[in-house]
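Just so you know, the UniProt record's numbering puts 101 at position 101 of the sequence shown, and the rest follows in order with no gaps.
Honestly, I wouldn't trust all of these hints.
Said to hold, decoys possible - No farther apart than 30 Å at their CA atoms in a straight line, the calculated lysine-lysine pairs in the DSS-like style are these:
(1) LYS344 x LYS252
(2) LYS33 x LYS151
(3) LYS252 x LYS151
(4) LYS207 x LYS33
(5) LYS284 x LYS261
(6) LYS403 x LYS293
(7) LYS151 x LYS325
(8) LYS293 x LYS325
(9) LYS364 x LYS207
(10) LYS403 x LYS364
(11) LYS364 x LYS344
(12) LYS207 x LYS252
(13) LYS284 x LYS344
(14) LYS151 x LYS293
(15) LYS434 x LYS403
(16) LYS344 x LYS325
(17) LYS284 x LYS325
(18) LYS284 x LYS207
(19) LYS293 x LYS252
(20) LYS344 x LYS207
(21) LYS364 x LYS293
(22) LYS207 x LYS40
(23) LYS261 x LYS207
(24) LYS364 x LYS325
(25) LYS433 x LYS403
(26) LYS252 x LYS284
(27) LYS434 x LYS364
(28) LYS261 x LYS344
(29) LYS325 x LYS33
As the list claims (entries may be wrong) - DEER-style ranges, computed between Cβ atoms:
(30) PHE86 x HIS398: 53 to 61 Å
(31) GLU372 x SER271: 35 to 43 Å
(32) VAL213 x ARG175: 26 to 34 Å
(33) LYS33 x LEU234: 39 to 47 Å
(34) GLY391 x GLY351: 21 to 29 Å
(35) LYS40 x PRO133: 41 to 49 Å
(36) SER394 x CYS360: 21 to 29 Å
(37) GLU217 x ASP244: 50 to 58 Å
(38) THR171 x GLU281: 19 to 27 Å
(39) GLU372 x LYS40: 49 to 57 Å
(40) ARG175 x SER296: 14 to 22 Å
Please keep in mind that the hints were generated in silico from the structure rather than gathered at the bench.
Since we're looking at a predicted model, the values are computed, not measured.
In this text, a Cβ means the ideal position worked out from N, Cα and C, and glycines have one as well.
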Amino acid sequence: MDDCLFKLNASIGYGEFKWKYNPRWSYYYSIVKEIHNIFKLYRDEEKPSINNIFQNDYAVAMLIMFSDRSDENGQWLLQYKNSMDFDFRESFVRNMLHRVEYTNGTRQRILIDRSQLLTTSFNEFACEMGTGPGVFREWIFLVCQALFDPKNSLFLACPSDRRRFFPNPVTMDMRQLDYFTFCGRMVALALTYEVQVGITFDRAFFKQLSGEVISLEDVCQADPFLYNSCRNILDMDADFVDSDAMALTFVKENEEFGTTKTVELCHNGNSIAVNSNNREEYIKLILHHSYVKPISEKVAYFARGFGEILCEQNLQSIFRYLELKDLDLMLCGSDQALSVREWKAHTDYSGYEESDEQICWFWKVVSGMSVEQQRQLLFFWTSVKYLPSIGFSSLSSHLCINKTSASRYHLPSSHTCFYQLVLPQYPSLAVMKKNLLVVCREHASSSFGFL
């Protein structure tokens, strides 16, 4: 097997992406799968390990990327996911998603009113004109930001990480549940088109999407108070718990809209005292009634929308193949400060030379911006606010600054589809700074690039 993988590595060219799929690779994939099936015949204590086959092996990554999706979605590989690096796991998940391309064929026209972004996006799936992948990226980003905005009551942000969200446990009407279906579609589109939207999921939400049972550790970010309270009960001396000093029974108090309601966690829960023998069951039921039962319907609606875009039968597999930190990188993007040096290295010029004073002024202004201002400028320029973990090199092409004959006091404009910033010949550093800071304002940077 090692010889097979060595030959495959040689035929691909390790670390290079100038290869084409070879039908013979399917035989190698079949061999790896058969080794797995043979190992199942051994008792656990005698079972050899094939984890080393997967460890950072570029050839195996290629096999998985081009594996047959009809092969039970490669479910057997789940046993080895902890031996695979992020690139490996991401490759397989990307392979499970629909392959999509931007085309010039038939288009679906949607009219979006920016003043009613969620409503018109939800109803249409008027008015401002825009076409192309840049506009599409911007729409996905802005709609996802709005859907996860706590002001809209669909999701709540974790206290310790405001970019991490979980469904609002408060009861909602059917109309709001439909928004969870819509949200599932939008997140699926973000993953499919590789749009980093600056949000990610709380662990309890993530595990429910993958069909796993949540534990106390899974709610520590969403509800630090509940986590600490439950942890204290578990860590208390058994004699103290059995003394009934806490006066706890199997009930939970829920507060909604200013009204407190007592809910029994099990049959006759009000008459069952918490003791050292049943405290783990008590914690389990508290978690279920706090972070499973109240949001299970919302998770189901979200999953429905997600599955409509990415194939429903693959839903749990997609999340099971990934670690939460993987989804963070795929969906949220990097939260590191932008590297102006790298930004500059990935920028070309049309009509300008790198040594021109306007270009020197431009990079001086960018270097002096806050992190948020830099992100707003990048978003105005490209419709990309959060870069993937590998930075600017992940973009499909270099950025470009184009010279324009427009007034030297006119604001910059952009063509986000082509990563082009149209920059007038400003007469001074002060004018350059003033106009760049205007387009770095949130309302200006989210305007399809035409100002």
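Which of the listed hints are not met by the structure?
-> Numbers 1, 2, 6, 9, 13, 20, 21, 24, 28, 30, 31 and 37 - these are the hints that the structure violates, sorted from lowest upward.
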